[in-house]
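Participant: Sequence:
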Amino acid sequence: MPTATVAPQKEFSLIDEALLKSRIYTIRGVKVMLDADLAEIYGYSTKVFNRQVKNNLDRFPEEFRFQLNTEEIKILRCKLGMRTII
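The number in the working numbering is simply the position in the sequence shown, starting from 1, with 95 added.
FYI, nobody ran anything at the bench for these hints, they're computed from the structure. One should not assume that every hint holds.
No more than 20 Å apart at the CA atoms, straight line, and that leaves these computed lysine to aspartate or glutamate pairs for EDC-like [said to hold, decoys possible]:
hint, residue 1, residue 2
1, Lys149, Glu166
2, Lys169, Glu112
3, Lys169, Glu157
4, Lys149, Glu135
5, Lys142, Asp132
6, Lys142, Asp153
7, Lys174, Glu158
8, Lys116, Asp153
9, Lys142, Asp130
10, Lys116, Glu166
11, Lys169, Asp132
12, Lys174, Asp130
13, Lys126, Glu166
14, Lys174, Asp132
15, Lys174, Asp153
16, Lys142, Asp111
17, Lys174, Glu157
18, Lys169, Asp153
Cβ-Cβ distance ranges computed for the label pairs, FRET-style [what the hints assert, rightly or not]:
hint, residue 1, residue 2, range
19, Asn150, Gly176, 13 to 21 Å
20, Ala113, Asp153, 20 to 28 Å
21, Glu166, Leu109, 33 to 41 Å
22, Lys169, Leu109, 33 to 41 Å
23, Gly176, Arg154, 12 to 20 Å
For every residue, glycine included, the Cβ atom is placed at its ideal position computed from N, Cα and C.
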């Protein structure tokens with residue numbers, strides 16, 4: 096008699112809405128998320144996340160990404176306290 100098999104389900108977890116909202120900042124009048132926060136959410140190191148973006152630029156349009164200048168980094172560091180931002 097044939098036996099039924101169940102395909103393994105992919106594991107996923109929901110992201111806490113409050114956590115997600117706390118990781119959104121307004122920079123240059125635009126709501127943004129930092130690479131470090133996105134990497135953490137998706138379970139990657141920041142270095143690996145940025146490498147994936149760099150290797151797949153066609154999937155990340157320029158209007159969805161930019162680098163902070165030195166002054167913006169200083170301001171953001173002050174707002175976040177001790178948290179490291181590069």
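Participant: All hints are to be evaluated individually against the structure, with a verdict given for each.
Facilitator: Hint by hint, here is what the structure shows:
{"no.": "1", "hint": "Lys149 - Glu166", "result": "24 Å, violated"}
{"no.": "2", "hint": "Lys169 - Glu112", "result": "27 Å, violated"}
{"no.": "3", "hint": "Lys169 - Glu157", "result": "23 Å, violated"}
{"no.": "4", "hint": "Lys149 - Glu135", "result": "17 Å, holds"}
{"no.": "5", "hint": "Lys142 - Asp132", "result": "12 Å, holds"}
{"no.": "6", "hint": "Lys142 - Asp153", "result": "19 Å, holds"}
{"no.": "7", "hint": "Lys174 - Glu158", "result": "24 Å, violated"}
{"no.": "8", "hint": "Lys116 - Asp153", "result": "27 Å, violated"}
{"no.": "9", "hint": "Lys142 - Asp130", "result": "9 Å, holds"}
{"no.": "10", "hint": "Lys116 - Glu166", "result": "24 Å, violated"}
{"no.": "11", "hint": "Lys169 - Asp132", "result": "17 Å, holds"}
{"no.": "12", "hint": "Lys174 - Asp130", "result": "17 Å, holds"}
{"no.": "13", "hint": "Lys126 - Glu166", "result": "18 Å, holds"}
{"no.": "14", "hint": "Lys174 - Asp132", "result": "15 Å, holds"}
{"no.": "15", "hint": "Lys174 - Asp153", "result": "32 Å, violated"}
{"no.": "16", "hint": "Lys142 - Asp111", "result": "24 Å, violated"}
{"no.": "17", "hint": "Lys174 - Glu157", "result": "26 Å, violated"}
{"no.": "18", "hint": "Lys169 - Asp153", "result": "30 Å, violated"}
{"no.": "19", "hint": "Asn150 - Gly176: 13 to 21 Å", "result": "33 Å, violated"}
{"no.": "20", "hint": "Ala113 - Asp153: 20 to 28 Å", "result": "33 Å, violated"}
{"no.": "21", "hint": "Glu166 - Leu109: 33 to 41 Å", "result": "36 Å, holds"}
{"no.": "22", "hint": "Lys169 - Leu109: 33 to 41 Å", "result": "34 Å, holds"}
{"no.": "23", "hint": "Gly176 - Arg154: 12 to 20 Å", "result": "33 Å, violated"}
In this structure, the hints that do not hold are numbers 1, 2, 3, 7, 8, 10, 15, 16, 17, 18, 19, 20, 23, in rising order.
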